[in-house]
Amino acid sequence: MKKVTSETNGAVFSLPWYVAKDEGFFAAEGIDMQFVQAHAVIPEHNTDNPEEVNPILGHVPFEEQQVAIYRA
Amino acid sequence: MVRGDSPHYYPGSLGNEPIAVQFHAGSHYTALRLLEGYLPAEKIKMLHFGSPENRLEALLTGEVAAAMLMEPYISLAEKNGCRSVCEGHYLGAENASDNMDEVTFTAINRAVIKAVDLINSDKKQFIHYLLDDPKFAPVLKKWGPLTANDFVLSRLRYTHPTPYTDEQIEDTYNWMVRWGLLNTSVCAADFVDNRDAEPVAADD
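Listed in order, the protein sequences are those of chains D and A. Under our numbering, residues 339 to 410 are what the first sequence spells out, in order. Under our numbering, residues 837 to 1040 are what the second sequence spells out, in order.
FYI, nobody ran anything at the bench for these hints, they're computed from the structure. Since the model is a prediction, treat every value here as computed from it, not as a measurement. Certain hints may be false.
[As the list claims (entries may be wrong)] Label-pair restraints from in silico Cβ distances:
1. Pro970/A <-> Ala365/D: 17 to 25 Å
2. His377/D <-> Pro843/A: 15 to 23 Å
3. Gln404/D <-> Ala929/A: 18 to 26 Å
4. Asn916/A <-> Pro381/D: 38 to 46 Å
5. Gln404/D <-> Pro843/A: 40 to 48 Å
6. Ala365/D <-> Gly848/A: 26 to 34 Å
7. Ala365/D <-> Asn852/A: 49 to 57 Å
8. Ala365/D <-> Gly917/A: 41 to 49 Å
9. Ser990/A <-> Glu401/D: 47 to 55 Å
10. Gln404/D <-> Gly917/A: 24 to 32 Å
11. Thr983/A <-> Glu390/D: 20 to 28 Å
12. Thr1001/A <-> Gln404/D: 26 to 34 Å
13. Asn852/A <-> Asp370/D: 47 to 55 Å
Every residue gets a Cβ at the ideal spot worked out from N, C-alpha and C, and that includes glycine.
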C-alpha cells in the first residue's frame, strides 16, 4: 500500500474523500490514505482589508509539506 | 444568509452593511461574484471572520448583517430562522504537490469518482459525515439540533474531479486582478499546473 496524506478542510468539501476511504475505494487502488485537518482560521481582529490576511489561511499542513494534497 | 428579523430580502439592499466572509477563500470570492451584480464595489463591505463557525456566530449574534456560509452551516442557520438572500456555487478541486506522481494521482481520482457516484446515488445517507465533523460539533451543540431531514439535498453538488480549463483559469485570473486580489506580475500559467490532472474514468 502506498501511503498518501491529504489535507481535509470541512466535511462538505472533503466528503468524497471520506467516503472513498471508508468504502475501501482508496485501498482497492493500493493507497493508504491518511487525512490531516486544515487549521481553523480565527482572526485576531475582523479586518476589512484582504491584504492584512495571509492567503495561505488554514492550509498550513500543505505549506509545511505534511500533506501531498490540498483542496482549493 | 441573513437573520430572520433582518430587513434584507435581496442582495441589493446590503450596500454598506457588514458581511462576514473568510478573505481569500470561497466565501469571499463567491460573495463578491454574487454581490457585484447588485452593488457598486465601494458599497460592498466585507469583514474577515475566518472559519465558518465564526461567521455563523457573527450572524446569529447580530455582529454582522449577513454572512457567507456553506453546508452544514447554511442548514443550521436556516434552522435558527435565517434565510438566504442569494446563493452561488463554485468549483473546487484537490491539488497535488510537485512530487505527486501521475499514476498515484490518477488512482486517487478513480477512487474519488467512485465515491462521488455513490454519494450522488443517495446524498441523505452521507449527511452524517457533515453532522459528525469534529469542527462542527461545538457549533451544533450551541445552535442545534440539526438532522439530515433539515438539509436541502440539491445544495450538495459533487462531480468527478476534472482539471480547470485554460478558459476558467484565464477568466478567474482576470477577475481577481480586477478586484485587486492578485498581483499582475504573476501570470495564470505560473500558479496553475494541470500536468497530472487529466480527466480519468472510474474504470480506467
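Outcome of the hint check:
Range check, Pro970/A to Ala365/D: about 23 Å between beta-carbon atoms, so the 17 to 25 Å window is met. For His377/D and Pro843/A, the Cβ-Cβ distance of about 36 Å falls outside the hinted range of 15 to 23 Å, so the restraint is violated. Checked against the given bound of 18 to 26 Å, the beta carbons of Gln404/D and Ala929/A, roughly 20 Å apart, stay inside it. Restraint check, Asn916/A to Pro381/D: a C-beta distance of roughly 23 Å breaks the suggested window 38 to 46 Å.
Against the hinted window of 40 to 48 Å, the Cβ-Cβ separation of Gln404/D and Pro843/A comes to about 46 Å, which satisfies the hint. A hinted range of 26 to 34 Å for the beta carbons of Ala365/D and Gly848/A is inconsistent with their spacing of about 51 Å. At roughly 53 Å, the beta-carbon separation of Ala365/D and Asn852/A lies within the given 49 to 57 Å, and the hint holds. Range check, Ala365/D to Gly917/A: Cβ separation about 44 Å, and the 41 to 49 Å hint holds.
Judged by the Cβ atoms, the range 47 to 55 Å given for Ser990/A and Glu401/D is violated: they are separated by roughly 35 Å. For Gln404/D and Gly917/A, the hinted distance range of 24 to 32 Å is not satisfied, since their beta carbons lie about 40 Å from each other. Our hint of 20 to 28 Å for Thr983/A and Glu390/D is violated, since their Cβ atoms are close to 39 Å apart. The hinted window of 26 to 34 Å between Thr1001/A and Gln404/D holds, with their beta carbons roughly 30 Å apart.
A hinted range of 47 to 55 Å for the beta carbons of Asn852/A and Asp370/D is consistent with their spacing of about 52 Å.
In the structure shown, a violation is registered for the earlier hints numbered 2, 4, 6, 9, 10, 11, in ascending order.
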